[in-house]
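Trainee: These protein sequence lines are chains A and B, in that order.
Read in order, the letters of the first sequence correspond to residues 5 to 189 in this note's numbering.
Read in order, the letters of the second sequence correspond to residues 5 to 189 in this note's numbering.
Do not take every clue at face value.
Copies of the same chain look alike in the list, so a pair counts if it works inside one copy or between any two.
Listed next, the in silico DSS-like pairs over lysine-lysine satisfying Cα-Cα at most 25 Å (straight line) [what the hints assert, rightly or not]:
hint	residue 1	residue 2
1	K22	K99
2	K106	K178
3	K64	K175
4	K149	K47
5	K21	K99
6	K106	K33
7	K175	K106
Keep in mind that the hints were calculated from the coordinates and are not lab data.
Now for the letters of each chain:
There are 2 protein chains.
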Amino acid sequence: MPNSTPGKAVIDCEHLKKLIREIPDFPQKGILFYDITTLLKDKVGFATLIDALSEHYLAKEVDLVLGIEARGFIFGPAVAYRLSAGFVPVRKPGKLPAARAKYDYVLEYGTNTLEIHSDAIQPGQQVIIVDDLLATGGTAEATAKLAEKLGATISGLGFVVELDFLHAREKLEKYDVFSLLHYQR
Amino acid sequence: MPNSTPGKAVIDCEHLKKLIREIPDFPQKGILFYDITTLLKDKVGFATLIDALSEHYLAKEVDLVLGIEARGFIFGPAVAYRLSAGFVPVRKPGKLPAARAKYDYVLEYGTNTLEIHSDAIQPGQQVIIVDDLLATGGTAEATAKLAEKLGATISGLGFVVELDFLHAREKLEKYDVFSLLHYQR
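In isolation and in its complexed conformation, chain A is listed as follows:
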């Protein structure tokens, strides 16, 4: 079980996994969906999750946490609060009201676009990107490139759940990738 944090944290992670509900065939047949809402509503589980995710970055200088709409908004701001960092939302097209930078990328079933405010990041700021799930890594990679376009230094990519069998780390090898919970299928 390749948890990135050794010792006591491994036990906590196994406890967290028990709070995640597994739903077969969602959103489509053949997909096993890891439903984190059962973990979020558990007050001890939720606090443990945010603490464990934040802990990886406590020794780093983090200016901003970037979170991706919509489920990334659940974790990014809480981690930013824990780290005393600012939070920057990365959104679907047309949602942000001021001047925007955008990034188009290819997904398994079509293309997608992410937007960020052009003035959201100052060149040289240390940024981490936080999302609920690391699957193929396409969205995380796009977000990192978008942030780099604005001059950010990417200090890390943090996830609650990583689907190890999709090998996203190969695509993200230039970054520090940290995931709390790992699944082999």
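Dock chain B against the given chain A, drawing on the hints supplied.
Mentor: Relative to chain A, chain B alone:
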């Protein structure tokens, strides 16, 4: 300036307002949009915001914080973390994977539906609802009714920004409504 927290907190709130960017004619002509992203990215401003919003509930027993997709996800979980409560997402139709309760309601320009997992709240649990903006109050009222349908006791409704001139409090008079920042136009 009817801030709900007296003394020092009033000064903090005035400071927070200076961090909010005002954008005329967004999303449509004649609307003055209060863009909170400039506040979120400010590390001191963001911490102050979450602390000030949470402070109102520190003396209460809060089991769960409910947040509404998508901007409500930015604040609800951070407040839940601060209060050591659980977090429950209230989402647009079709996003939640398990059995759901739903609530249809009428908005200014059409109807809307909110969904919550049927098992998200245990009868009798003390719940607060947190969102970015209190405008007409329709979404907040719908969320409160949805939570009450599952047996929740609504301990409060908390907002970052309230547009006082839309008089949402009349609609929500049976609830404890707390907003950090008030605008008269």
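Trainee: Run every hint past the structure and note whether it holds.
Mentor: Hint by hint, here is what the structure shows:
1. K22 - K99: Cα proximity of K22 and K99: across copies only (22 Å, versus 36 Å in one copy).
2. K106 - K178: Close inside one copy (22 Å), not across copies (44 Å); limit 25 Å.
3. K64 - K175: within (23 Å within a copy, 47 Å between copies)
4. K149 - K47: between (35 Å within a copy, 23 Å between copies)
5. K21 - K99: For K21 and K99, only the inter-copy Cα distance (21 Å) is at most 25 Å; the intra-copy one is 33 Å.
6. K106 - K33: Classified as between: cross-chain Cα gap 24 Å, same-chain 32 Å, threshold 25 Å.
7. K175 - K106: within (20 Å within a copy, 39 Å between copies)
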